[in-house]
Amino acid sequence: MSQVPADLRYAKSHEWVRNLPDGSVEIGITDHAQHALGDLVFVELPEVGRALEAGAACAVVESVKAASDVYSPVSGTVLAVNEALAGTPELINQECYGRGWMMRVQPAAGSAAELLGADAYTAELAAIGG
Amino acid sequence: MPFVPHTDADVREMLATIGVSDIDALFDEIPPELRIAGLDGIPVALSEMQIGRLMSERAQRDGRPLSFLGAGAYEHHIPSAVWAITTRGEFYSAYTPYQAEASQGTLQVIYEYQSMITSLTGLEVSNASLYDGGSAVAEAALMAVRAHRKSKSLRLLVPATVNPNYRRVAVSTAGNQGLQFDTVPYVAGTGCIDREALARHGGADYAALVIQQPNFFGQLEDVDALTDWAHAQGMFVIAVVNPTSLAILKPPAEWGTKGADICVGEGQPLGVPLSSGGPYFGFMTTRMEHVRSMPGRIVGRTVDLDGRPGFTLTLQAREQHIRRGKATSNICTNQGLLMTAATIYMTLLGPQGLARVAEESRARTRALVELATAVPGVRAAFTGPRFHEAVLRFDAPVATVLERMAVGGVLGGVALADDYPELGEALLVCATETKTDEDLRRYVEALRGALR
Amino acid sequence: MSDLKPAEKLIFEYSRPGRGATAQHPPAPTNAASDDLPAAFRRRTPPRLPEVSELDAVRHFTRLSQLNFAIDTHFYPLGSCTMKYNPKACNQYAMLPEFLARHPLAPATHGQGFLECMFELQEMLKEVTGMRAVSLNPMAGAHGEFAGVAMIRAYHAARGDHARNEIIVPEAAHGTNPATATMCGCIVKEIPVDAQGDVDLDALAKAVGPNTAGIMLTNPSTLGVFERKIREVAKLVHGVGGLLYYDGANLNAILGKVRPGDMGFDVIHMNLHKTFSTPHGGGGPGAGAVGVSARLEPFLPVPIVGRDAQGYRWLSERDRPQSIGRLSAFMGNAGVLLRAYIYMRMLGREGMGRVGEYATLNANYLLARLRAAGFDLAYPERRASHEFIVTVKRQAKEFNVTAMDFAKRLLDFGFHAPTTYFPLLVPECLLIEPTETESRETLDAFVEAMIAILGEAERDAAQVKGAPYTMPVRRLDDVRAAKQLDLAWKPVESPA
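As they're listed, the protein sequences go chains A, B and C.
Residues 0 to 129 in numbering that gives the first Met the number 0 are what the first sequence spells out, letter by letter.
Residues 0 to 451 in numbering that gives the first Met the number 0 are what the second sequence spells out, letter by letter.
Residues 0 to 495 in numbering that gives the first Met the number 0 are what the third sequence spells out, letter by letter.
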């Protein structure tokens, strides 16, 4: 079974969102997603300052056998990216909800309406056999 | 039956195993109205002896004229060992090295090829080949647009001194994705990019400037200044180079202050026969930071389960069989066998041998130009340093000149009127290391005869 | 990197300063040409090419060749790749000195022999596919696909029908299909196939519309079965104004039996390196000639060989103003085309039909024997075309032995692996294509190997999962290869 921390919100496309105290959000991919991809070898992140649109591709994660787009779960502006992933993409495999975070985003107002809670995302995974 | 080993007994027993009465029954899922009775438009079969005779007759009809043609395909001596080894069945009839353990030979050749091409061009990474020089330019244009993070422009500057057919291939290949190619004229006296005209594009948003060195006319461009100008404008530089020339000319990685960003070219001069235009191969190198934007296969060195060094296709996630609609290119099969030939060619020539080919080709072309321009009514179109091609201008119509020379078995050059009408009656000529003093004398004699 | 020795050193490790294959070099320059080459243009340090003797080079590359599997040495039941025997005559007669020496821009007067071969090849390809016209330019299957979709776009654009930018692709399609559609600036719409492997007509009916540029199909499909509803598919797509594209990957299955033109296809590419037995060369060169129906003929890529009273000549943009243009600097992979021409002439009209027949016989025989040996088929109710799919999903679950493990273990038994994990929608699949040139004995030996591996999987899965053992290397660390990129040799820095 995949880990689905209760304190995060999720997109159906397997990204997670963490609310930070300053009103920004942290974004990464879920345990289910990292497991399905296998050993990651490369992560392509957006430039800081880029405007993201909810549901649009904003990053790429690449394993030996697959390359997959990461879709931004929120609209907003990129504040920071996890530079450590450039040299150690395996952080996502090891700690996808921690040191494997991908970017911090300042969300535009009211942009996170479509996200799921942990229970709903767990149900979603069950439905796809994950 | 040619190339089918089955005996009648085999067929009977195999049908019995399947459980059908005849081979035709195996096609029972095809709607009967679609079936055809035969292929009457195909000639009857020829034996090996018969086809050998036919092909020999046709080859002899084409003959072996003395050729001074270049324009993107060059006649060089090819060491005997190159094709003796390349056509070994183990290379010739192998598949793409997807099963790495059973393809170490092909994979190591690609790794060695990548090592040689990166060293020739000075850039850090190479792919395992593209179709040809023209398609390599098209792929480089697409790659530049993809890799350029600061500019989202779909426009590129492609000077008129870039091979006209490469420009055509780029338009046919990349035009569908909205790429636009703006041309830049050349200076009438030197045949090199018109820097003043180029400067007028300053400040506009272009993804890249394409620079061919030596250019289509054989003239050497001021690549340092051009590269620095393009970089100052925020453009990438795509170098289009002749690999033979790189034995003596400055590699693209050293152009200007920062060097070219992407380098491509036609690999044919490296041991590939002229063969009416193909199969050749295109090469491509780039900086490490752009490796994931590069199309085509790439081989990496790694280790196996026991820690033994070995080779495998890597970064495959960029490619069509995994990334499908989002791949960097649709390229799948490339030109592996030609790349193999080129690797053996570069090995046999080595740094000194390849430099000699380059020097001697320059020397022969210079001698040809001196002899030809001594003929009344013939002059060199451009001044300035060249590699191994030159443009000659004539007072007489070149079409007639070429026809007359060809009757005498001499192919006198490539007419430029279609692509460069402003040059008037002009020919692009080339003499490589294969041309002797006697050959040059024959050229001039044929030329004098044709002008008479 | 490792203490273990590689199977063969790198050529650079044989290199010694000052050594060289001097008989292969041109004589010293006849005049001092470089005097007039300004220093600004000059290379400062020589390229790191190897400095070895001719014998060093010959031994090295011969040894490397011996590390490969190839059709000349091994059976290659590689589905969708048609690894049939490449007759030696095709190579020998395509490499006659006059053909090799002919410059691509040599005048037609010095190329009538070559051009006649190309013209006749165009004619023969028209005949076997039932298409109206052929262009030989594309240099590989994917390149032919590009030409085909570009022609579809040009056709719609010429009619002012600019909204048509959607290409429909069945989900089982080869990855080049969607990649090609994207390269042509189109949007890809994938549609499912039904449980029997045929296109889902309801899904297709929903997918087509005023934006449909066309559909790309392989028939027989990548699932190894003939698309039985092809006429209904054609009717649906043509009905909304779209065109049908035939991916010729599996043309070998139906050669001489049924023609794409008769099925209603408007454009087709042929992989001459599959169906017409030109070599795969360890990854090319291929040739992907395209054929079209009458309405697409004006858009064919140039040049094309034409014939008039003076003989054969190239037709260019001037003769074909609506052409999608040039795809190569000259005319594509001429030498590959010559090989295909020779092969087709040797088969002749009698031999052409036998290709489809015996390829299908071999596939169905192999299918019957593997089924009897206990292997599961992806489409057990269907007749195999020239290939078929075995799925080891059950074995993967029971013994943890995957399709990849079967593939790797087969190498130890002296067989190249079938295609694995393609098509993507069949789990743990092996796509098996024996081709018509293999004998019954070879097929039987392959079945015996598969049975032996199945036995090992049941008794000792680790033995299968650790394979191969007899190759120059064991399984390679792909993650390390992708993370610690080592893509070119560099000399070891000598300690300062």
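Read the hints as simulated data drawn from the structure, not as lab findings.
It cannot be assumed that every hint is accurate.
Claimed, not checked - Taking lysine to any residue pairs in the SDA-like style, the calculated list, with each CA pair at most 25 Å apart, reads: (1) K325/B with N92/A; (2) K87/C with F2/B; (3) K8/C with Q351/B; (4) K149/B with N92/A; (5) K489/C with A6/C; (6) K149/B with A55/A.
As the list claims (entries may be wrong) - Which bits of chain C does chain B cover? Going by a derived footprint, with three or more residues having C-beta under 8 Å, they are: (7) 105-118; (8) 136-142.
All C-beta atoms, glycine included, are put in the ideal place defined by N, C-alpha and C.
Verification of the hints:
1. K325/B with N92/A: 24 Å, holds
2. K87/C with F2/B: 11 Å, holds
3. K8/C with Q351/B: Distance of about 23 Å is within 25 Å: holds.
4. K149/B with N92/A: Judged against 25 Å, a Cα distance of about 30 Å means the pair is violated.
5. K489/C with A6/C: Holds - the C-alpha atoms of A6/C and K489/C are around 19 Å apart, at most 25 Å.
6. K149/B with A55/A: 19 Å, holds
7. 105-118: Holds: 10 residues of the segment 105-118 of chain C have a Cβ under 8 Å from chain B.
8. 136-142: holds (count 5)
Hint compliance for this structure: hint 4 is the single one not met.
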